[in-house]
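**Student:** These are the residues of each chain, in order.
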Amino acid sequence: MMDARRKANLGALLIAAALVLAPVVVGMSFGNAWVRILDFAVLYVMLALGLNIVVGFAGLLDLGYIAFYAVGAYLYALLASPHFGLHWPIWAILPLGALVAGLFGVLLGAPTLRLRGDYLAIVTLGFGEIIRIFLNNLNAPINITNGPKGIARIDSLAIAGKPLAKGIEVFGFTIPGLYLYYYLFVALALGIVFVTIRLQDSRIGRAWVAIREDEVAAKACGIDTRNVKLLAFAMGASFGGVAGGLFAGFQEFVSPESFGLMESIMVLCMVVIGGMGHIPGVIFGGVLLAVLPEVFRHTAAPMQQWAFGKVVLDPESLRMLLFGIALIAVMLYRPAGLWPDPRHRRELAARR
Amino acid sequence: MTVLLEARGVGKRFGGVQALKDVSLTINAGEIYGLIGPNGAGKTTFFNVLTGLYARDAGEIHFAGSPLPLGEPHRVAAAGIARTFQNIRLFANMTARENVMVGRHARTRAGVIGAVLRDGRTRGEEAAIRRRADELLHYVGIADRADDLARHLSYGDQRRLEIARALASEPKLLALDEPAAGMNATETAALRVLIEGLRADGATVLLIEHDVKLVMGLCDRVAVLDYGEKIAEDVPAAVQKNAAVVEAYLGGSLG
Amino acid sequence: MPFFFSSSLAPQAAPSGGGVYHRAVDILLQQIFNGLTLGSIYALVALGYTMVYGIMGLINFAHGEVVMVGALSAVAVMKPLADSGLPGPVILLIALLVAVVVCMCLGFSIERIAYRPLRGAPRLAPLITAIGVSIVLQQLAMLAWGRNYHAVPTLLPAGSHEVFGAQVTELQVIILVVAAVTMAGLMLLVNRTRLGRAMRATAENPAIAGLMGVDVNRIIATTFVIGSALAALAGVLVSANYGIAHYHMGFMLGLKAFTAAVLGGIGNLPGAMLGGVLLGLIEALGAGYIGDLTGGFLGSHYQDVFAFFVLIVVLVFRPSGLMGEKVSERA
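Chains as they are written, first to last, in our numbering: chain V, 554 to 905; chain A, 24 to 278; chain Y, 27 to 357.
Since the hints were made in silico from the structure, they are not lab data. Virtual Cβ for every residue (Gly too), placed ideally from N, Cα, C. Heads up, some of the hints might be wrong.
Okay, the calculated bits of chain A under chain V, using three or more residues with CB under 8 Å as the criterion [to be verified]: (1) 105 to 116; (2) 126 to 137; (3) 141 to 153.
Construct the entire structure; sequences and hints are all you get.
**Tutor:** Following this line, the structure appears as structure tokens:
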């Protein structure tokens, strides 16, 4: 029998191995298209972790979170594409993206965080829509965002001048670009996980839970609830900004279409369905909701062909339909998520 | 006798209701001061105004020589007034220890950077918070429940926990809102011992209570509110005999 | 995809006997009429939001989709009947009836399936469920009626009259009248009937109302059903006004109607009506003048932003809305 310490170490080793080998396994079994999907999944996990700070830790419902993703993405697009002719390096843009997104978070949060839960939700939704509308229309009289056409030919992510997309040669093996993107994203995602875990178990993390539990009592304990909530908002926003920058450099194209309400809701689903406030649950939710739709896309059509002889339900709407049903079902039967923090489950279940 | 808290002409209205009118009282350091009155007299409203939950409409409050910040509970807590609530407000899904640790928030400083880096100073601070929380749990007598969720504590233990949490912020004034509510005679006696112990250890206590025996036996001085106005402020024995007080409670003379 | 309700309120020139002329007052009046029409529709939908919020403390995110279902059901009925030779208004009435029945059933089911089990849960849960319901309804509507815009058969006289230089269509007048009559009827119901009293009591304090003999569950269900009926009516009016119905039309409309409800004071019925009309006016006038106001920097496609700005401003500076009571917290 192993003691707890060695078990934990073995677990960590297994996870590390799985993380390193994942793209290889996926690539060999299913092809490069699926490695690309895996890359997107990691981006979504980053978003889910960021939103988790806002919704899961501090209990603030943000329905416009994707706006911060958009800010990060467009900032990257503006600073590293032919649009303005700027070609800044990744190590300059990403931190700037985090900062600018965080700033937007503060701007949005400052006047609105004192609102009650459902009002805050609607206001953040409105904010998300405002951002999208501006992105869609700021192409006249001065062309900032290039409107609905979006910005294309964005510089792909490059480290030390070498674009990741080209892959690298190591000991005679070629590691394809898609794999490199994956490792970059995972590295940053792990960074976010690390920060989140540290925050959870700290004075600030306790303050967030206190606010979530009973804001009045939290204030009486000396917690400046306004600033502490703003902190959650700003941190979540900044992680979204980083993910956005990576997205732009990965896809090499951004347009307002990628940043709508549905995307905000999707990220929210990842947190809610995965396990609100529970980091492993959120990661699980992120991977699940990033990968499942793709699975559908590839199987729903052929399956329907086989069953009915034709495609009755367009896979895209099938995905959305199932999302909606999943949201309702999870709220009714497992309100703390599919993989909740053992404590949180009791919290949400007890209040019925 | 140094004056710790001085309220002058405090007023508060809600729409058409004047909940507090020209309330002035003085609390001396080291005493146990009772605030009593019939239901609806404005006692909890005064508490809420004092601790910044409501913004007062009129009057001033001076605490430890400085005016109290208006309407910002966390700054009042930082200034040194800690409170408990009439309808216990614990963080139900945190453990007892964690509840008390949150109480230390105003006296500690670690922020995001400290949380992420877990440098020596932050680690030291966290350990100190934890130690202090355990001490306080022991002080109020629920050390054996430290790891239980606040939700699962018995009613009496929850009240004690709330006091422990309030004590965690090293308050100069401890404001207890009906701490004996719902307690039987044994529990009330134990509570009395606890509060007297607090006074012996140098704390000043402001107490709202309905349990007349507890108030009369425990408090050094008592103020009586009725319909938002203060109608008496004196030692318990004198207040008990005050005609206006008797009338307020009983609605007229006896016999 | 183009937004429903966007850019459709750009000022229209008023032709009058040759040549197009452009007078500020005419535009003002025109936009006022447009705004009033739009506002009445917002008001009808806002009433649904505000009633449900007043009685359950829940923002029924799915309400906009109920409007959409009403519109599409009505159109689905109108199309086959349009060729049948029945007079236009009759077809419209039949379609309206169908829409109302469909929506009432829908509202009832939503409340029963998705909201009732969550009555005691923390705020987050029913809100998320509502989002889920909204998504499900949209997708089902898309499956049932397709992605295309559906043209609404013209069943009502399409004439228009000139009033002080502005074009007012007969349709707009009908919308205004119908909306006004309906709202008056609702106020009568709420203020003068036993049912209305029970609704108001439940909104004040469900526990006490229950103790007084009110069947709280039934009242809540009834509130939902009434709100859905209003939504159906709004859906029919809106699609008649714009001539099209589409599975995505509920989203923006719902959001703006919610803004209207908040503007007027959520939970307050006359407030919802006032808020609706005001929001319609703000949008119409804003869309008409924003070009001039910002020197051409912002065009009328920013129209949707108005509603959101209004929402944020109201919630930040006066969360109780225009007619709501100032909410005080008792600790």
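**Student:** Failing hints, ascending?
**Tutor:** none
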